[in-house]
Amino acid sequence: MTQILAGFPDILNLLTLAWIVAGVAIGYLVGALPGLGKATAVAIAIPLTFALPALLAIAFLIGIAKGSAAGSAVSAILLNVPGEPSSAPTALDGYPLARQGKAGKALKAALFASVLGDLGATLALVALAQPIASYALAITPVEICAVLIFSLTFVAGLSAESLAKGLVAALLGLLVATVGLEIESGLPRLTFGDYRLFDGIPLIPMAIGMLAVAEMILQAGNRAALDQQAATVAKGVHPDDSRMTRDDWRRAAPAIVRGTAIGIGVGILPGLGASVGSFLSYGFARSRAKDPGRFGKGAIEGVAASESADNAVVPASLIPLFALGIPGSVIAAILIGAFMLHGVAPGPLMFAQQPRLVGGIYAAMIAASLALLLIGLLFQGAFARVVRVPTRHVVPVVLFLCVIGAWIEGGGAYGVQVMLVFSVLGVLFVKLGFSVVNFLIGFVIGRAFELSLRQSIQILGRDPANLVSHPIALIFLAMTAIAVWRFTRGARRATRQPEET
Amino acid sequence: MRATQMFVGLILALFAAAMLLWLIPAQIPSGFAGQLSPRLLPQITMWGVLGLGLWIAGTAVWGRGVPAHRPGVFARAELVALVVLPALVLVALWVLTLAGPLAAGTLLVVGAALMMGERNPLALVLLPAGALGVGWLLLYRVLGTTVG
Amino acid sequence: MLKTLKMAALVALTAASPALAEWPERPISLIIGFGPGGQSDLLGRALASVMSEDLGVPVNVVNRPGAAGGVALAGLRAMPADGYSIMLNPSQTITLSPALLAQVPFSIDDFAYAGMLTSFDIALVAPTSAPFDDYAGMVAYAREHPGILYAALSATTRVFATEIARANDIDIEILPVDGGPGMVNAILGEQAMLAYSGGVHHRYPEQMKVIAALTTERNAGSPDVPTIGELGLSIGMDMQTVLIAPAGTPDDVIARLEGTLAAAAESPSFREVADSMSAVVQFHTAAEATDIMHAQLQSNLAIMQAAGVQPQ
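Chains as they are written, first to last, in our numbering: chain A, 333 to 833; chain B, 62 to 209; chain C, 1091 to 1402.
Hints in this document: simulated from the structure, not taken from any laboratory. Small disclaimer: the values here were computed from a predicted structure and weren't measured. We put the CB at the ideal spot given by N, CA and C, even for glycine. Hints are not guaranteed to be accurate.
Stated by the list, open to error - To spell it out: a stretch of chain B is covered by chain A in this simulated footprint if at least three of its residues, at any positions, have a beta carbon under 8 Å from a beta carbon of chain A; those stretches are:
no. : stretch
1   : 63-73
2   : 106-112
3   : 135-143
4   : 148-161
5   : 173-182
Claimed, not checked - Which residues of chain C face chain A? A few of them, derived with a C-beta cut under 10 Å, are:
no. : residue
6   : Asn1153
7   : Ile1198
8   : Ala1282
9   : Leu1391
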């Protein structure tokens, strides 16, 4: 440990700090652009770092990932167009806040939540990576399956208007997740002979379509109302509307703490990803709230919950990477390539062979969290002014960026076509009262759930009695049962009274 | 409002039934022995949608109140936008194969601006210039890839 | 008069063979059938930078992920055979897919092969803690403990387990995992006793041991470990990265591409990238590559059919 600490001062030179700040800044700006994901940004940046020494290169790339996770909140709040799918829950409450003239407040809440989530997870990484090593391996697909089943119950917490509709949306998402080659047998499902569907429907063009383009279609169809809203927004701004008051902090703080914890948990588990983290955190915050009706209309806790989890996942997903050499997320898998290129083999050997480098990386990550705060605050003013740009200017540019994003992430025109199909579906969902977020949760969880279910069956040797050797899984299954029971009890009570409008 | 809900419920139920009876057996092979059938998860979701669709339709007809959501199902302007915007993107894609990224991008941005009611010719020039500028920077410089 | 004749001859020559000494004149697209950041992508980018130095024009990497390069290949097939659209991909997408899928939107004859660059050390691996050290030990262990798990990262990789089980009359159960990282997880977490590895096991020498090489010749990284063929089952299937162009690409273009591949194989910067991901650099000429591709296809089809795998 002392050897690791010896690496900390390594970052205290201008060049290293400059690269860290540059990485975070680039990530933040790229994340703010709708359509480009952090995975692509990091992957593209790798060749740019060929000539750099290992510490700088890795610090730069991790900085991009962190900055992007925070920056994606910006377009979610200002335009209702999430910069990445994992910021979709942020838009649910962030955009209404912006529409109420409180864009500054929402942006600050998102930034602080992001920074705190990121910092918390980074500290967890520094403190726990090694000790957690052997425990992380105890998590088998059986536990993951149980956790995912439990997570699906949060979907109920997100079903704002009607439980039935909420479940339908999630089930449809699950169905769409089965399109493609089934992993175990390699047999095509619902592909209609189209080879391009063999890997399933690509998430990012689908999310861009359902969230961003659908929103723009609705804005295009509601121009009169929007112009009116813009006028009221531009009229007057109360100073409290662009900062976090004590009251706001009181509401947001618990959400941030919980969100960070959820983000760390999701990040450590292999195969889940940032989207699952932020959706679950939002759902959890909503189901815990005393007045859940506030969510979706500008509840600052919603923004805080979503963003803290979203950002916490990034460093947390590096825990299995550093400790065991196992990439548990897309970002980690991409970073492994970068590590290898610079002669570092992530895993327990890394701690033994290059402790000083590890120390430098840790210090760089903490510095990146602080840099995130500075850069976010720096750009707040400029971003908040975007709200005043008339929608009719925003929509064409954002649409253009979305098409580019779908093209890049979906492999060409096919990605754009997927985006369009799901944009129409997204509009239908919104108009008919179905939750797009539920659909996406079903989709994202669906893939991980079915694989872990199949794996669990094999690991348990097709004998459910073997579950007793997986106590963690049993705990989560018990929690699921409790959650379902409590929910049906609450629902039965609610149907005795007329449903709220 | 109720009528719409009832229709929505019925359509969902019909969709689920169609999936269960035709599409799933047609599009998903039954897998081999000793494996969880590839059809299982899709079938479970569709049974769920079937039941819930009937529930939604049922509560619309016999229930007490119907929760309000985004009011006014499908104003005319929205329907128009629903058709025109995707069409615009598809045309831009087609123009891409004919005339290259510059023309397609300009068409996309100008078309969307017109759709949003922009009539100022200066804006109609600056918007595509700005957007294409950012796009070019992003793709050709930062990412080093090509489009089209 | 002579001058005019000379001019006419020159014009005629250049008009008749536009590819001669003119290619490349504009940027080339190197298509990668996988997402950014993965092994294929990083190798491709390293190759692209060597190529652009060698050829004097920018070589842009275009990612077109899907079906292990299948989607990109389907697109490549329809592109003009002028040498400006080429692809670097693992060979098995062309030589193994027809054995599993009834409808493959390309065939081996749709492409011209300019050479091979790296090969994959495909092996049967086990966690270091496994109570056996070699193939014979594994078979004995499996006889006493039926139902040991083998991590298969796709449908194609199952066949090794099923064939080994059949030949030795033992019971091996299959644990589906999601790609290389999933396999690593399963072995390190000791959820599976055996796994298929496409070469990534070289990164974990302390945690994994190689039981058998699943290629036709011994793995470069584990020369002491026998192949599955030497152990009695001729089901070894090779895989290399191959540089692919649409069929009909002019011969001199192919020759030029072959030349840049050879240069990359020798270039220290490329070798550095390849070493960092334990990819074995093994250059083959265009002619050799074409032969290998066809032989591989036939061999793979035969193995899969003998194992009872029907294309779906």
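Now for the hints, and whether the structure bears them out:
no.	hint	verdict
1	63-73	holds (count 3)
2	106-112	holds (count 4)
3	135-143	holds (count 8)
4	148-161	holds (count 5)
5	173-182	holds (count 6)
6	Asn1153	holds (7 Å)
7	Ile1198	violated (16 Å)
8	Ala1282	holds (9 Å)
9	Leu1391	violated (16 Å)
Taken one by one, the earlier hints fail for this structure at numbers 7, 9, listed in ascending order.
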